[in-house]
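K.L.:
Read top to bottom, the protein sequences are chains S and W.
Everything in the first sequence is counted per numbering that gives the first Met the number 0, starting at 0 for the first residue and increasing by one.
Everything in the second sequence is counted per numbering that gives the first Met the number 0, starting at 0 for the first residue and increasing by one.
Calculated directly from the structure, the hints in this document are not laboratory data.
Note that the structure is predicted; figures quoted are calculated from it, not measured.
Among the hints, a few may not be true.
[To be verified] Not the full set, but computed from the structure, chain W residues with beta-carbon under 7 Å of chain S:
1. Thr62
2. Ile94
3. Thr239
4. Ala241
5. Trp264
[Said to hold, decoys possible] One side of the interface only, derived from the structure: several residues of chain W facing chain S at Cβ under 8 Å:
6. Pro14
7. Pro24
8. Val25
9. Gln190
10. Val242
11. Gly259
12. Val263
C-beta: ideal position from N, C-alpha, C; glycine also.
Number of protein chains: 2
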Amino acid sequence: MYKMRLFTPGPTPVPESVLLTTAQPVKHHRHREFREIFAEHNRLLGYLFQTEQPVLTLTASGTGAMEAAVLHAMRRGAKALYVEAGKFGQRWGEILCAYGLEAVPLSVPWGEAPDEAQLEAALCAHPDVRAVFLTHSETSTGTWMDVRALSRVVRQRAPDALVVVDGITAVGALELYMDSWDLDIVITASQKGIMAPPGLAYIALSERAWKQARESDLPRYYFDLFAALAAYERGDTPWTPAVSLIAGVREALRRIAEEGLEQVWDRHARLARALRAGLLAMGLKLASRRPSNATTAVWLPEGMGWESLNEALKRRGITVAEGQGPWKGRVFRISHLGYYDPLDMVAVVAALEDALRELGYPVEPGVGVAETQRVLLQVDMETGS
Amino acid sequence: MYKMRLFTPGPTPVPESVLLTTAQPVKHHRHREFREIFAEHNRLLGYLFQTEQPVLTLTASGTGAMEAAVLHAMRRGAKALYVEAGKFGQRWGEILCAYGLEAVPLSVPWGEAPDEAQLEAALCAHPDVRAVFLTHSETSTGTWMDVRALSRVVRQRAPDALVVVDGITAVGALELYMDSWDLDIVITASQKGIMAPPGLAYIALSERAWKQARESDLPRYYFDLFAALAAYERGDTPWTPAVSLIAGVREALRRIAEEGLEQVWDRHARLARALRAGLLAMGLKLASRRPSNATTAVWLPEGMGWESLNEALKRRGITVAEGQGPWKGRVFRISHLGYYDPLDMVAVVAALEDALRELGYPVEPGVGVAETQRVLLQVDMETGS
Chain S
0 MYKMRLFTPG
10 PTPVPESVLL
20 TTAQPVKHHR
30 HREFREIFAE
40 HNRLLGYLFQ
50 TEQPVLTLTA
60 SGTGAMEAAV
70 LHAMRRGAKA
80 LYVEAGKFGQ
90 RWGEILCAYG
100 LEAVPLSVPW
110 GEAPDEAQLE
120 AALCAHPDVR
130 AVFLTHSETS
140 TGTWMDVRAL
150 SRVVRQRAPD
160 ALVVVDGITA
170 VGALELYMDS
180 WDLDIVITAS
190 QKGIMAPPGL
200 AYIALSERAW
210 KQARESDLPR
220 YYFDLFAALA
230 AYERGDTPWT
240 PAVSLIAGVR
250 EALRRIAEEG
260 LEQVWDRHAR
270 LARALRAGLL
280 AMGLKLASRR
290 PSNATTAVWL
300 PEGMGWESLN
310 EALKRRGITV
320 AEGQGPWKGR
330 VFRISHLGYY
340 DPLDMVAVVA
350 ALEDALRELG
360 YPVEPGVGVA
370 ETQRVLLQVD
380 METGS
Chain W
0 MYKMRLFTPG
10 PTPVPESVLL
20 TTAQPVKHHR
30 HREFREIFAE
40 HNRLLGYLFQ
50 TEQPVLTLTA
60 SGTGAMEAAV
70 LHAMRRGAKA
80 LYVEAGKFGQ
90 RWGEILCAYG
100 LEAVPLSVPW
110 GEAPDEAQLE
120 AALCAHPDVR
130 AVFLTHSETS
140 TGTWMDVRAL
150 SRVVRQRAPD
160 ALVVVDGITA
170 VGALELYMDS
180 WDLDIVITAS
190 QKGIMAPPGL
200 AYIALSERAW
210 KQARESDLPR
220 YYFDLFAALA
230 AYERGDTPWT
240 PAVSLIAGVR
250 EALRRIAEEG
260 LEQVWDRHAR
270 LARALRAGLL
280 AMGLKLASRR
290 PSNATTAVWL
300 PEGMGWESLN
310 EALKRRGITV
320 AEGQGPWKGR
330 VFRISHLGYY
340 DPLDMVAVVA
350 ALEDALRELG
360 YPVEPGVGVA
370 ETQRVLLQVD
380 METGS
């Protein structure tokens, strides 16, 4: 018997207390019983985003919040710059294109992220962009982008352009201060760092973004953020929201607040570092040149198919994610985003050692877990915790 | 101590077995463990809609499915006819308008529904409409529309026009055979007749509707039903869906299939009839001239405010819905949509008798519940059950 263990970058595992909260009797969204839950949920989201702005709730997948961001940041005939370095960066381009907008890609190879000079050059060629669309953690490649530094470049080179951040697999995992980093739109979803089931997406806009949104003329109804804002101000949502998931998110956010957001970020950094060390000790190779603390992409060993590795891990109760786009069949991805602790990293490395050995890949039993454990304890010693 | 009892037209009460199913560990939507659940969920949705067409799953509120219907039924420059007889009929008009489409209202007073002659006249004046948007159960007024008869009128008078049905508070409550009634688009949501928490919306298109949708040129991304259809055919959804709610809906649909869909419709008819009889026996007056078996709207007694009635009912654990739009402060609405049995009707009438008496409205104790009970038993005798 193996327990089921989810190591995918969304859905991610959900704490039992959150699951049980979602099973409580459904409340009506326009009555007091729900408004109390929603008000606390909203306060805690402000803490999570590190913003004084309202964080609006959409009943949708994260992609719905991406579309809402485009619909409010852009207007007909406007031009956008977006970073294209993986499947989720490409999605910005697809949404912009679906609305007939001019979308200029800043392309870098998969597994890499643009640096400040590349963004400067792109803005020099296109100083008239209305918004710059970034991906804080590009999940398809397990790659992190320095949103803070890139945002500064936008402020210097295109002062009126909005900085729009896909934080879907980053918020709650990677350091992010929406207000003090001067980000204009940040989005995320419930089934990632928030540690709740999928079904909710979140979006916050800076004052600059709200101002620009008022000029937008793109058609929308369900994703109209002015309707969402008006409802937010009276304590609810314009359409019936996923009330049971909102109750679950409140419970999950209470846990994050109790641990402390900076401690949560540190935990993600520590787990990612320990996992990567274990993988390298087994002779595996990381696919990203700037690994994200949310997800690690690993090259499949030569000659090993994704399906056989997946089946071998499944036999040990482990679910990881396959590669996407051009990396399909070339990488597998292990997530450490959300509800994970050090012992989960030891467990996944142990399962991987075993599965790889079954498939004929040479690993000395214990070499991965020992290195993972060493790094976990070393980080402990360094931080004195 | 009073138990909490929800009598609102969405969210509606959710069976305990469904709630507990939603609390099971989250599964990854692209893995076998979820695909099995999704396949059965999809088969059962076909039974619920009485269609051979795919019923597509959107992670959204019902309004999202309304927008998806507009985006695929219409195209730029096209004209639509919609029935405007309450808040949800108006919403069709609002969505059409948000996309710059010509939207012709067929308006009837709140609490009424158009008959075949009225629709014929409207189509005679506007034979060139691309689609006719109906509301099977107009929840704001508790009014039922004869979708089957109206659909026949469309087929005769405007053979190429699509019949689009908002079945959000009707599917699973009112008789509906999508295929044999030749309906083109039917939508619903999870938190209504389906008896699950809010967060999912459903939409099915006839062959005629799919054909017309291929010509549509309205911008869309998250609500692109061609992306949803392609994913459906390989067993999943284009974006991460609310997997825990889908598991809950499967459990709820199993219950509906076990009871039998026609028995479910009959139950709704019987409960609605018994409730209305109890209300009339108390001297209350129904606000709709064609009461829906999903929700009953009742005029507030003269001089009685919504807030005081609401508070008096809350003290007895009962949540009902207030009026909307022009009926705000004039009606209250009791829902019997989804997970209700005969004893729930007796209970809500008993609470209402008690609350009304507290507020000084003259009711003989027992007069309402006795009449409700008489009708429940009479229907039993008539049907021989």
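K.L.:
Hints first: check each against the structure and report whether it holds.
P.N.:
Cross-check of the supplied hints:
Because the beta carbon of W:Thr62 sits about 4 Å from the nearest beta carbon in chain S, less than 7 Å, this interface hint is met. At about 5 Å, the closest approach between the beta carbon of W:Ile94 and any beta carbon in chain S falls short of 7 Å, and the interface hint on this residue holds. Hint on W:Thr239 holds. Least Cβ distance to chain S is approximately 5 Å, under the 7 Å limit. Interface restraint check for W:Ala241: the shortest CB-CB distance to chain S comes to about 3 Å, inside 7 Å, so the restraint holds.
For the restraint placing W:Trp264 at the interface with chain S, the shortest Cβ-Cβ distance is roughly 23 Å, beyond the 7 Å limit, so the hint is violated. Because the beta carbon of W:Pro14 sits about 11 Å from the nearest beta carbon in chain S, more than 8 Å, this interface hint is broken. About 6 Å separates the beta-carbon of W:Pro24 from the nearest beta-carbon of chain S, less than 8 Å, and the hint is met. Hint status for W:Val25: holds, given a least beta-carbon distance of 4 Å to chain S, under 8 Å.
A least Cβ separation of about 6 Å between W:Gln190 and chain S falls short of the 8 Å threshold, and the interface hint therefore holds. A cut of 8 Å between beta carbons decides the hint on W:Val242: the least distance to chain S is about 6 Å, and the hint holds. Hint status for W:Gly259 relative to chain S: violated, with the closest Cβ pair at about 25 Å, above 8 Å. For the restraint placing W:Val263 at the interface with chain S, the shortest Cβ-Cβ distance is roughly 19 Å, beyond the 8 Å limit, so the hint is violated.
Comparing the model with each earlier hint shows violations of hints 5, 6, 11, 12; every other hint is respected.
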